[in-house]
Amino acid sequence: MAKSLFICSILLLLNSFLSFRSSATNLAYSTPFDRWFFKVFGDENIKSVHNGTVAKISLDQKTGSEFVSSDIFLHGYFSASIKLPRNQDTAGVVVAFFTMNQDIYSRNQDEATFEFLGNVKGKEWVVQTNIHGNTTIRNSTSKGREERYTLWFDPSADFHKYSILWTENHIIFYVDDVPIRLFMRTKAIGNYFITSPMYVYGSIRDGSDWATDGGKQKVDYKYAPFTAAFSELILLGCPADPIDLKPYCIDEDPWEKKVPTGLTRKEITQMRRFRHKFMTYSYCFDKERYPVTPPECFVDGREMEPPQNFDPVVFGGDPVEK
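In case it helps, mature numbering (1 follows the signal peptide of the UniProt record, and there is no 0) puts the sequence shown at residues -23 to -1, 1 to 299.
It should be emphasised that the hints constitute simulated quantities derived from the structure, not laboratory data.
Please read these numbers as outputs of a predicted model, since none were measured by experiment.
Please note: incorrect hints may appear among the correct ones.
[Unchecked claim] Straight-line alpha carbon distances no greater than 20 Å define the calculated PhoX-like cross-link-like pairs of lysine-lysine that follow:
#, residue 1, residue 2
1, K199, K39
2, K120, K164
3, K195, K100
4, K60, K100
5, K33, K16
6, K100, K199
7, K33, K138
8, K60, K33
9, K16, K39
10, K60, K138
11, K264, K120
12, K98, K195
13, K98, K60
14, K100, K254
15, K24, K60
16, K39, K24
17, K243, K254
18, K235, K138
19, K98, K199
20, K193, K100
21, K193, K98
22, K39, K195
[To be verified] Cβ pair distances, simulated, as ranges:
#, residue 1, residue 2, range
23, S47, G99, 36 to 42 Å
24, T172, T270, 22 to 28 Å
25, D221, K98, 47 to 53 Å
26, K193, Q65, 17 to 23 Å
27, H253, D11, 38 to 44 Å
28, P231, D154, 20 to 26 Å
29, K195, P289, 19 to 25 Å
Don't be surprised by glycine CBs; every beta carbon is placed ideally from N, CA and C.
Produce the entire structure from the sequences given, and follow the hints as far as they go.
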């Protein structure tokens, strides 16, 4: 009975999104890489090409690479068109596009992430989304909210658009403007929602200890370098002061007018179809990690059964921190 009431309340919240406009398309707000991003590590493996419109980042036996936005944001729409490494074997390789606060809050991690997990020859890339809200860094594997999917295209053959919309009340992940995941803020999840300002990152790393088959498949550096390309980087959000972390949005030109604010009925249908067909793992069904189902699960009552292609995930250790 309690679960039914909870689901009904969540569905009411979901239906409330229908009154908002939503269109993730035609956002012509690309951000020049050289002007708005800094190199974090692996400087020699980060190349800005095509007049700063494309950033190529590489992983070799010496190092991976990472870049970060010059501004920190409290809420926003962040997007990148990404082309993944097209190597014969990409097992253990992890490409990521994410928002995170780790450099400021070393003890409590807020993060919303796209992670692209390489695979052995003949198998497709795996896409993982993850959310951390007020999570200690060392508990990130046990306390993550991971979902994994396959895609309807080869992400290494061409550029495809990956976007994260983060507002005060919800987080939406998009692939080529198709919503694939909605994470809503409710009373039930308490402080497990992102509330602190975050930077925007892009990276490529060695995830041999966890990314492919729970760490069984390692990076084979005979196929190195592994190179990912980022283009059409979009940072539309409310910048925050780097000292007091308070937002200083320009009221005359609010970023919310330029981005989606919710999901239309059509987009909710698209999301349901994607998740039914392409989702292979959700923490909501992982009884080993979560014997008690987390309260934010099952926003849609039709998702109370595991995906038809459910594949239990064995997580290795956390990625090695650089």
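Outcome of the hint check:
1. K199 - K39: Distance ~13 Å between K199 and K39 Cα, so the pair holds.
2. K120 - K164: 18 Å, holds
3. K195 - K100: 15 Å, holds
4. K60 - K100: 17 Å, holds
5. K33 - K16: 12 Å, holds
6. K100 - K199: Within the cut-off at roughly 18 Å; holds.
7. K33 - K138: Judged against 20 Å, a Cα distance of about 16 Å means the pair holds.
8. K60 - K33: Holds - the C-alpha atoms of K33 and K60 are around 9 Å apart, at most 20 Å.
9. K16 - K39: Measuring from Cα to Cα gives roughly 16 Å; hence the hint holds.
10. K60 - K138: 9 Å, holds
11. K264 - K120: 13 Å, holds
12. K98 - K195: 12 Å, holds
13. K98 - K60: 18 Å, holds
14. K100 - K254: Roughly 17 Å between the alpha carbons, so the hint for K100 and K254 holds.
15. K24 - K60: It holds: about 14 Å lies between the C-alpha atoms, which stays within 20 Å.
16. K39 - K24: Given pair K39, K24 holds - Cα atoms ~16 Å apart, limit 20 Å.
17. K243 - K254: 17 Å, holds
18. K235 - K138: 17 Å, holds
19. K98 - K199: 13 Å, holds
20. K193 - K100: 15 Å, holds
21. K193 - K98: Between K193 and K98 the Cα gap is close to 14 Å, so the pair holds against 20 Å.
22. K39 - K195: 15 Å, holds
23. S47 - G99: 36 to 42 Å: 40 Å, holds
24. T172 - T270: 22 to 28 Å: 23 Å, holds
25. D221 - K98: 47 to 53 Å: 51 Å, holds
26. K193 - Q65: 17 to 23 Å: For Q65 against K193, whose Cβ atoms are near 18 Å apart, the range 17 to 23 Å holds.
27. H253 - D11: 38 to 44 Å: 42 Å, holds
28. P231 - D154: 20 to 26 Å: 21 Å, holds
29. K195 - P289: 19 to 25 Å: 21 Å Cβ-Cβ, so the 19 to 25 Å window holds.
Of the numbered hints given earlier, the model fails none.
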